[in-house]
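Asks: Protein sequence lines correspond, in order, to chains A and B.
Residue numbers 1 to 352, in the working numbering, belong to the letters of the first sequence in order.
Residue numbers 353 to 704, in the working numbering, belong to the letters of the second sequence in order.
The hints are simulated quantities; they were obtained by calculation from the structure and are not laboratory data.
Keep in mind that this is a model prediction, so the values were computed, not measured.
Fair warning: there could be bad hints in the mix.
[Said to hold, decoys possible] Straight-line alpha carbon distances no greater than 20 Å define the calculated SDA-like cross-link-like pairs of lysine to any residue that follow:
1) B:660 / A:89
2) B:660 / A:348
3) B:525 / B:397
4) B:660 / A:285
5) B:378 / B:407
6) A:285 / A:234
7) B:701 / B:691
8) B:660 / A:87
9) A:308 / B:435
10) B:660 / A:86
11) A:308 / B:438
12) B:701 / B:587
There are 2 protein chains.
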Amino acid sequence: MQKVETTFGPVLIGQEALDGLNDWLKHAEPTLSRVFVLVDENTHEHCLPTFCAALPSLPPVEILEIPSGEESKSLEMVTSLLEALQEHRADRNSLLLSLGGGVVTDLGGLVASLYMRGIRHVVVPTSLLGMVDASIGGKTGVNLAGIKNSIGTFSPAEGVYCYPPFLDTLPEKEVLSGLAEMLKHALLMGESALSSWEALSSTGNEEFALALVESVQCKARFVNRDPSDHLGIRAALNMGHTVGHALESVLLSTGLTHGEAVAAGLWIESLLAEQVAGLPSSTGKRIRSSIDQRYKRLPRVDFDLLWKKMHRDKKNQSEQVTFVLLHALGQVPILYPVGRSLVLDAVEKYGT
Amino acid sequence: MQKVETTFGPVLIGQEALDGLNDWLKHAEPTLSRVFVLVDENTHEHCLPTFCAALPSLPPVEILEIPSGEESKSLEMVTSLLEALQEHRADRNSLLLSLGGGVVTDLGGLVASLYMRGIRHVVVPTSLLGMVDASIGGKTGVNLAGIKNSIGTFSPAEGVYCYPPFLDTLPEKEVLSGLAEMLKHALLMGESALSSWEALSSTGNEEFALALVESVQCKARFVNRDPSDHLGIRAALNMGHTVGHALESVLLSTGLTHGEAVAAGLWIESLLAEQVAGLPSSTGKRIRSSIDQRYKRLPRVDFDLLWKKMHRDKKNQSEQVTFVLLHALGQVPILYPVGRSLVLDAVEKYGT
Numbered sequence: 001m002q003k004v005e006t007t008f009g010p011v012l013i014g015q016e017a018l019d020g021l022n023d024w025l026k027h028a029e030p031t032l033s034r035v036f037v038l039v040d041e042n043t044h045e046h047c048l049p050t051f052c053a054a055l056p057s058l059p060p061v062e063i064l065e066i067p068s069g070e071e072s073k074s075l076e077m078v079t080s081l082l083e084a085l086q087e088h089r090a091d092r093n094s095l096l097l098s099l100g101g102g103v104v105t106d107l108g109g110l111v112a113s114l115y116m117r118g119i120r121h122v123v124v125p126t127s128l129l130g131m132v133d134a135s136i137g138g139k140t141g142v143n144l145a146g147i148k149n150s151i152g153t154f155s156p157a158e159g160v161y162c163y164p165p166f167l168d169t170l171p172e173k174e175v176l177s178g179l180a181e182m183l184k185h186a187l188l189m190g191e192s193a194l195s196s197w198e199a200l201s202s203t204g205n206e207e208f209a210l211a212l213v214e215s216v217q218c219k220a221r222f223v224n225r226d227p228s229d230h231l232g233i234r235a236a237l238n239m240g241h242t243v244g245h246a247l248e249s250v251l252l253s254t255g256l257t258h259g260e261a262v263a264a265g266l267w268i269e270s271l272l273a274e275q276v277a278g279l280p281s282s283t284g285k286r287i288r289s290s291i292d293q294r295y296k297r298l299p300r301v302d303f304d305l306l307w308k309k310m311h312r313d314k315k316n317q318s319e320q321v322t323f324v325l326l327h328a329l330g331q332v333p334i335l336y337p338v339g340r341s342l343v344l345d346a347v348e349k350y351g352t
Numbered sequence: 353m354q355k356v357e358t359t360f361g362p363v364l365i366g367q368e369a370l371d372g373l374n375d376w377l378k379h380a381e382p383t384l385s386r387v388f389v390l391v392d393e394n395t396h397e398h399c400l401p402t403f404c405a406a407l408p409s410l411p412p413v414e415i416l417e418i419p420s421g422e423e424s425k426s427l428e429m430v431t432s433l434l435e436a437l438q439e440h441r442a443d444r445n446s447l448l449l450s451l452g453g454g455v456v457t458d459l460g461g462l463v464a465s466l467y468m469r470g471i472r473h474v475v476v477p478t479s480l481l482g483m484v485d486a487s488i489g490g491k492t493g494v495n496l497a498g499i500k501n502s503i504g505t506f507s508p509a510e511g512v513y514c515y516p517p518f519l520d521t522l523p524e525k526e527v528l529s530g531l532a533e534m535l536k537h538a539l540l541m542g543e544s545a546l547s548s549w550e551a552l553s554s555t556g557n558e559e560f561a562l563a564l565v566e567s568v569q570c571k572a573r574f575v576n577r578d579p580s581d582h583l584g585i586r587a588a589l590n591m592g593h594t595v596g597h598a599l600e601s602v603l604l605s606t607g608l609t610h611g612e613a614v615a616a617g618l619w620i621e622s623l624l625a626e627q628v629a630g631l632p633s634s635t636g637k638r639i640r641s642s643i644d645q646r647y648k649r650l651p652r653v654d655f656d657l658l659w660k661k662m663h664r665d666k667k668n669q670s671e672q673v674t675f676v677l678l679h680a681l682g683q684v685p686i687l688y689p690v691g692r693s694l695v696l697d698a699v700e701k702y703g704t
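Just chain A, same shape as in the assembly (with noise of 0.2 Å):
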């Protein structure tokens, strides 16, 4: 088992991570009034009961379900989590154990975080996505008026467990999605590391444990350095992000995946690197066959609708839109403003 420090509490990967948990509650228990298990109707069915047989010292606890999707992570879905928890007089020695994906740990971390002020919150990602993005940093949220992540909190869960068979439920589309992810912290790393992204195959194999690790590893050191994100330092991570978001929340209905967003904002943005940041056009070339070989394209949008969207993220501090380019792979991406023309050309190129 590897264990990953972070300033929002430690990361715990491979096949022992559940024995982890397991010793933390055994010492945890006799401070807990009240355990509480969030999952969706996927981990309740595929996660939960290995959770809970490789569990023994889990006290009974109480099985809060939301329906999976990014449509639960909502301001009602807080409150009626919230009003859940109060139901069954939850206090503030309560547990909350979030057993799911990205939408369901960082709405559990959200509810955590509010309810009588703080309660304890432990992290079980099942997801790939999860495991290397959603869980690692504090950051918690829902979306609002279709603004992703607009709401949320900065909170911290008492230890991540990251327990990778979880990730032979996942389906190949969600696969995908965790990888668009480790790709970006490929990118981050540098050559070597997307080198063995581009060589990653099946999730259960020796060079896909360490990858994992390393990816969290590389996220972990930019949250560190910038826990509030107020430095500058963890914008690095919303690389491929400017795109990526607009592009998810125009194609919602469609059943896009996070990641799958992700790897086409990494893709268009590689283009808008090489003219703005000065990437070399060959590892700019690199990037996108990497992309293509494991993503296929996703449908065209409207462009005056994406760039208006765009410029509701959140990173943007005022009219223009503000994208995080890479110069060099293995080197901290620079923020850049970037005007109409040049986005419109580079999302044409890709063709959505």
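Chain B: place on chain A using the hints.
Replies: Just chain B, lined up with the frame of chain A:
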């Protein structure tokens, strides 16, 4: 102007407080994108004109108005304010100025801490309760299904500016509400503070200005030693509040103020303190007589309902009802679990 430092930012108190805010705005202005002012209909009418006139450095603002009264402290209101901020394209460098009593500042603080995971927030309390209590200590919050402040965050404001002339606009009932929290602080400070409190008359004189500063300093001492309210030190500030919150919840529809409920709570809990914590009966009698000189007794309530509400108070970590009881003036009160019959006796002696 007096400055009290807290772990949740500085509190500035005095006739020059708005000048101090103006200076702050002058320096902050280049880093601010949009400025929002949160008011209720009363502070809109009675305080906003003075506020704007005293702040030549205030850039153009967007006014957000909520209905006055405890009903506005709801998750629905949080949602609609977050939506309003988003509609007005607030970004991370927006500033929210909360100008009002505890309802406005508790709600404003929660909204500011959630929007984009935290925008800038400055508090200008206009009620006595706001100045000596609600705006000090970083607690934000709303009520849920009848439980006071059940949902919230710990979130510092960049500054709290207390301008005592705003107190002249308050109805007597609101002054009495704040005086109850000042009494609680006086009991924590000791005999001479209690004597000063007993002698307070107008809110406009020098004795009052001094008492105001000392009351803020008293709260700050407890808050600074236990910012996140996990060490039990800050629990001292809940003196009078186990009964007070329960009364407030049961009598909400009668237009009862928070402080009137707390005064009754301090009255009833002083009897418990004599019986459980060893408070000298002469001190208990003096506290009750001081309260009776300013406050009318509250109407009778059903004890079973009151007892049930006390159970749900969030400092009770299990099925027991815990009270914060004083053993001597100026000493730190201690938590005691108390059984139903003793509490019933005390409530009956009060007559509610």
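Asks: When the hints from earlier in the document are held up against this structure, which numbers fail?
Replies: The structure conflicts with hints 2, 4, 6, 12, although it agrees with all the remaining ones.
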